[in-house]
Structures are given as C-alpha cells and as structure tokens.
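Build out the structure end to end from the sequences listed, making use of the hints.
Sequence order for the protein chains is A and B. The first sequence lines up with residues 1 to 395 when you count with this note's numbering. The second sequence lines up with residues 1001 to 1454 when you count with this note's numbering.
Hints listed in this document are in silico derivations from the structure and should not be mistaken for laboratory results. Fair warning: this is a prediction, and the values are worked out from it, not measured in the lab. The reader is advised that the hints may include incorrect statements.
Pair by pair, the computed Cβ-Cβ distance ranges are [to be verified]:
id: 1; chain 1: B; residue 1: Asp1147; chain 2: A; residue 2: Leu159; range: 20 to 28 Å
id: 2; chain 1: A; residue 1: Lys173; chain 2: B; residue 2: Ile1314; range: 55 to 63 Å
id: 3; chain 1: B; residue 1: Leu1202; chain 2: A; residue 2: Ser29; range: 34 to 42 Å
Simulated crosslink set (EDC-like; lysine to aspartate or glutamate; CA at most 16 Å straight-line) [stated by the list, open to error]:
id: 4; chain 1: B; residue 1: Lys1348; chain 2: A; residue 2: Asp84
id: 5; chain 1: B; residue 1: Lys1060; chain 2: B; residue 2: Glu1033
id: 6; chain 1: A; residue 1: Lys63; chain 2: B; residue 2: Glu1033
id: 7; chain 1: B; residue 1: Lys1430; chain 2: B; residue 2: Glu1367
id: 8; chain 1: A; residue 1: Lys329; chain 2: A; residue 2: Asp292
id: 9; chain 1: A; residue 1: Lys70; chain 2: B; residue 2: Glu1408
id: 10; chain 1: A; residue 1: Lys85; chain 2: B; residue 2: Glu1357
Chain B is nowhere near these chain A residues, computed Cβ spacing over 10 Å in every case [what the hints assert, rightly or not]:
id: 11; residue: Ile3
id: 12; residue: Glu17
id: 13; residue: Ser29
id: 14; residue: Ile65
id: 15; residue: Thr71
id: 16; residue: Arg147
id: 17; residue: Lys163
id: 18; residue: Phe193
id: 19; residue: Tyr202
id: 20; residue: His274
id: 21; residue: Tyr298
id: 22; residue: Pro300
Glycine included, every Cβ here is placed at the ideal spot set by N, Cα and C.
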Amino acid sequence: MAIFREFDSKGRDRAAEDRRRHKELVEDSIKKNIGDLIAEESIIGQSKDKKIKIPIKGIKEYKFIYGKNKTGTGSGDGSEKRGDKIGSEEIEKGKGPDGAGNEEGEDIYETEITIEELISYLFEDLNLPFMERKKFNEIETEKNFKRLGYQRKGIRPRLAKKKSVIEKIKREKAHERGEVEKGEDYRTEKERFPFKEDDLRYFRVREDVRRESNAVVICIMDTSGSMDMTKKYLARSFYFLLYQFVRLKYVHVEVVFVAHSTVAKEVNEMEFFHKGESGGTYISSGYQKALDIIEKSYNPAVWNVYAFHCSDGDNWSEDNQKTVELAKKLCETCNLFGYGEIKHRYSSYLRKSTIRKEFDLKVKYKNFSVVSISRKEDVVPALKELLDKEDEGKE
Amino acid sequence: MKDLKKWNDKIEEIVKEEGLDCYPQDFELCCYEDMICYESYIGMPSHYPHWSYGKAYEKKKMLYKYNLEGLPYEMVINSNPCIGYLMRDNTFLLQILTMAHVYGHNDFFKNNRLFAEGTNADYTVEMFKNHADRIRAYIQDPSIGYDRVERILDAAHALSFQTSRVIGNKKLSHEQQKKRILEKYYAEIKPTSCLDEKKDRLFPDLNKIPLEPTDDIMEFVATYGKLEEWEKDIVRIVIEETKYFIPQIETKVMNEGWASYWHYKILNKLELPQDMHIEFLSRHNQVIRPFLGGLNPYYMGFKIFEDIEKRYGIDKIFEVRKLERDESFIRKYLTEELCNEMNLFTYKNMRKDYVVEEVADHQGWKEIRNTIANNIGMGSLPVIEVLEVSPQNQTILLSHEYDGRELEVNYAYETLKHLATLWGANVKLKTVVGNVDKMIVCDEDKKISINTTK
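Pasting the structure below:
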C-alpha cells in the first residue's frame, strides 16, 4: 500500500541560501573581469544609457572531461549519410542540438547592463576624494539619483528593504487567511516565515535633474610625438572612466580638454583623442593652460575641480623646474590633481621618468596622486589607486 | 488525492500480477517550486549546502521559464521505502503515468545488481541527512566556517568522479597488496629449470605510494593527503555521495527504458477512459521520442527492452534488468535492426564542423554500437590514475588512460588546481594532446604549465 502525503514547504525556500551564494560568486566574477570589460574599445566612448551585453562567465564546475575529439552518437531521421555535415561549433555554442547533453557546455549568462550600472559596480566602494572642501558640498554630494517607485529586479545596492518587508507581510497575511479558510487552526505559535525572492523589491532609480552642484574635469594630455596610438588609447580609457565616475557623483559635470606638446591649447573631444601632433614636450605649458582656464571660467570656490594629466613622462629637462612649480599650484587650486604616466609594457617598469621623480620628490600634497599605466588591464586599478587617495589623506 | 489512491491501488495490483518486486512506495505531492528545489538537491529531502545547488536551481528555473525544458514529470529516489514526487499542477493522467513509471524504477532499484550491491537503500535518506548535519556542523564551527568548508567542497566536487567506479569490487588492503606484489616477485625470480639463467629482477619497492596505480584519487587523497580530519571527512562525504550516484549513471538507459516499458504496459492494462487513454498515448510518445542529434535514454531503453521481450520472452527481460548495466546492455542487445530503426549515426568534430562518420547500415552499425557502449555511463568520464608520489617533494603523479579521447585541457587545468588544493603539493598529469605525450604540471601556487614529453 503506497503512502501519499502532501508536502508543504510553508514558504521555506531551501535553495535560497545556496542561490544567494551562487549569485555572489557571479557578481564577484563580474567585478573581477570588470577591468577588462570596461577597457574594451566598444565601451569606451559610449553614452551611459546604452545597453551593452556582456557575457558573464558562469561559475563553472570543473571536472576531468573529454574534449571535442570524442565521437558522438545521435538519432537522425534516416537521411544521414557518411560525410554529411550536420552542424558546426558556432551553432552548438548558441544552443545544443535537441537534448544533446549540453550539460558540460559553456555556461554563459549574457547580462544586459547599462554602462552606468557597470560603472556603479566598479566604483561601488569608492568615493571621490576631497569633496568636502566645497561650499555646496551638502547638496552636491549626497544624492544625484531620484528614487521613483519600485521594481522586482535590481541590483543589490538598491534593495528597498522596507518595501520588501511589506511585501513579505502581505504574503504572510494571505497565507494565514488561506489557512483559516481551509479550516485549519490558525497558527498559534510564531513560526518563522522567511523571505522569498518574489518579496524583494528594488528601487527604480532615475537621475535627478537638479543642477545644483558643479564639477569640472580638466583632462590634460601630452600629444607630443612620443605619445603613440596605444598610449593615447590608454589615456582615453582612463579619462572616459574618470568622467563617468565624476558624473556619478555630481549632477553637472563639465569637461575641458587640454592638449599640449610644447604649447597648450584647449581643444574639443574629437581633436583631443584623435589628433596627433609631433614635437617636443613642455608639460608646464599644459599646466599653465589649465590654470588659466580655471581662473577664467571655473572659480574653485564654486566648482569642484579635478585635473588629470596623462603623459609618457618624456618631458624636456629644461622644463622640469617650471612643471613642478605649476603642479604645486594646481594642487592648491584643485580638489584633486592626478598624474598618470603611460608606459609601454616592455619599457622597464622600474625606470621612472625624470619628471616623475621630481614629482615624487617635490610635490608633497595630499591631493596629488601619481599612477602608472602600461596595459589596458591597468586602467581600472590605476583609477582606483588614484581615487583611494582620500583614505591615505585622512591618516 | 482520493482518486490518486484509487488508481494507485489498481496500478499496484498490476505490478504484483506482472511480477515486479518493489520496495514499499511513498508518494509526495508538491508544488512546482518545491519540485525544482528537490531536483536541484538531487531529490533528497535534506542535503548539505553548496552554491552549485543554487546554480542548478537558477538554471532549471530559467530553462523552465523560457520554456526550453519542461519540468520532469517524475522524480524518484533510490531508497527504502522508495520516494516518488508528484507535482500538483500536473494533469491527472500524468500523475497516473508517473506513478506507473515510478514503480518501474522502484523495481529496478531493488533488483538491479549495481543498486543492490552498491547502495544501501534502507539508509539513503538518513545518509544524506547525516552528511548535511556533518557539513553544517563544520560550517558552524567557529574554527572552520563557511569559506573553508566551501574551499574543500569545491575541490572535492571537481574530483568527485575520480573514484573507484567498479561496483562490488573488493578492495585489497595495503598489506594484502604488499603480499601480492611479493608473491608475484618470487614467482618471477623462481628458476623454472636448472638450465635457466638466474633471473635478474629488481626487488619491488614496497614503500612506494601507492603500491599499485589506483583510479580512486579521492580515497587516495583522503588517506595520504595532508588534510585535517574534518577536511578528510568532507572528502569522504563526497565519495559516499558519488558512490550512491554511480549505479544511476551506469544504468540510465536501462533504468529509464525499464520504467518506460512498464508504464506503457501498466497503463494499457488499466482500462483508462478513452480521453485519458489518448492523452496517455501522446504523453508516452513525448517521453520516448527520439532526440534529433542526440540519444534519448527513455527511447533507446524502451526499444531494446521491447526487442528483448520479442526475441527471448518476458522472463529474459527480468534477468537482464537484474544483471546488466548500460554498457553490457547495449553491447549485447543493441542490434543492427534497432540501430537502423532508430536511425543512429556517429559524428565527429572536424575542423569546427560536425561530420557524420557512420550510419546504421550493415557495415556501420557495429561501430555505432561500440561507440555508444564506450561512451555511456562512467565511460563518458576519463579514467585517471595515481601512479606515484615522489618521496622527496610529495609531488603526485597522475596518468590519464588515453583511449583516443583527449581531455578538455582547460577543464583539466582547473581540476588539477582543485587537486592541488586537496593534495597540498605539486600535481603532475600525464596525458595526450593532439597525439603527442604531454605532461601538465600544477605547482603549489596553482601555476599551470604544459610540456611535451618523450
């Protein structure tokens, strides 16, 4: 005689914890790869609302398995002949043939994510340093997003705790009512009634339109002959991320581009990234130009000024003295002044340029920061290093 | 529920009449979310936690949501009493079909040699519960904690199938092995006649670890590895779980074929009302439909059992279900006619294209049969043996038994890293890539290198 019984999980979701852990691992893997992802050319320079698809490598469970040279078997419709081509790898990657044991196949989750979200993942725990010095810092920094309602899907940082609890209580009450209607005893002792994934609500977020706070990013780049395309590309990635990041923190951000070789000019974005110049390098010219621009249009009392300079460090030696002086002056004017030295991978890591040595020696400001970049993988760590300055400053 | 019981009684009657020999049967009715949960935790009411089960859940839910895969009608676990799960949302006919199908599995669990000898159905549920409790205790132990448990579980899962795969094989103890090697040695050096020269054989190294190559990497690590006691315990837990699953892996085709054979027979005998009968036929055909380009174990097993019955009579199929496993089942009973009827073919990956190699005609069918038999069950997983451990630096040397099938190297790299976690010293693996002998080395810092060996 078979026994029949009803199984009632009472809303308990036994897989919840393991699912949470799995999700955490997936997120970790996004974060780990984010440096590579974000430095991809296709992302750099896109508008922030553009949705991009990024393949997220699923957390694989590795085992010893056979590779592709094994022979497979299958049933057909009888029309197969020896030597027939029945498919190709590319097709299999999408979705395997019907039921053809795709278990060991690639677990790739494709996630659609906006660049903005990507960046907020990236900078989740970073803050723009030295923001407190500005007059309007209260309104400037606190919120630049407006929460507009709720949604069922979202990223962890936007979990709406209160709303989620309300949803859970709703479900709990409904469950109780159900019990009572069924004629079963209303639960007297308090049992645990855990959250289910369906209870969770996330804030829908829209960018706040208030334009009360201002920041300006001054990008200074060495466009002398020694800056080749690769170096420029690295600089560009760096600026792009920086700009995205500053925009995350401020409602209104302006960007100024200054290109310099021996003389400096204010240029537009297009020219900045694409126009090559030749000739020698006076870094001081770029700094002077930046200072001029700040004085003219961006009063540091009102504007948060962030100045960054990317160069390969090949400054002409007679200019070093002046450069150091102006760098000091920039430090005094700006919230943060950063210098990124772009080196080729194969050029010695240890060798610092003269100008960098000078900076290290003579420019001792808390808001001055020097990083070096030699590959696209370095961009994100460099940026983090730059922005981590704040913590050091506090010490 | 009442109706279910009524039909169940009828089914049980037929089951008895037909001579099926089952454990007592329990059915549990659950909703679809619980079903996915059960499925993720391989059917067990309690199981230790690990993120891979969370992943399984997400994957199943997604497949179901996008309609790529239906929920299983049936899930049944090898225990005494046998537990089958029925999903509330299924149609009434599906419940009946599932119940009949479950009795087929039930009989198979109780009688097939691999299950009878390899598992202990009386304690299945308890065993998994016990494992869960032990692992949870380690997680809760403040001196261990979740992260360290996960680290060992990750590694042990990666190697879980590198364990003894033969069921009912008696293992020799270390001392017995020693004795055997010595006996062999003395037998070899004994002069067979006075005319023979004195044979020059090296005395066997009795301190060698392992004495003889072993494919049971898991047990080896748990015995000789530098793990802490709780870590060894986790490895042993994973070994026990694999042991539970090997019979299922080794008899997938037979087991599903047997259950399908019986649900078909039982439902035909049930004298279902006409509309239900039509639904039954369409469901049945869905279950045993061939997968284009793949193998459906339900289909193949069903066909073969039907054929055996036709050719040798009903008693024979009971004998077959008791003694065989998939490999021998297919080698013995997959005939040319069946290959042809199922339109089987083999294919190979050639420069990124899949190309048909053999089709089921007179000259090709044997090749097809052998390919299936070689790749089924545990045959789909590489055999890797521990050859020796270097006494100087504890490096463990493994060898992949190459049979023409190459390892997926990227997976091998990562798996070796997991082994290095468990072993705590360098790991080396001999294998063949592109017809060239290779040695993959994973050092303690988990750095991988691959070299050609002579």
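Indices of hints not satisfied (ascending): Numbers 3, 6, 7, 11, 12, 14, 15 - these are the hints that the structure violates, sorted from lowest upward.
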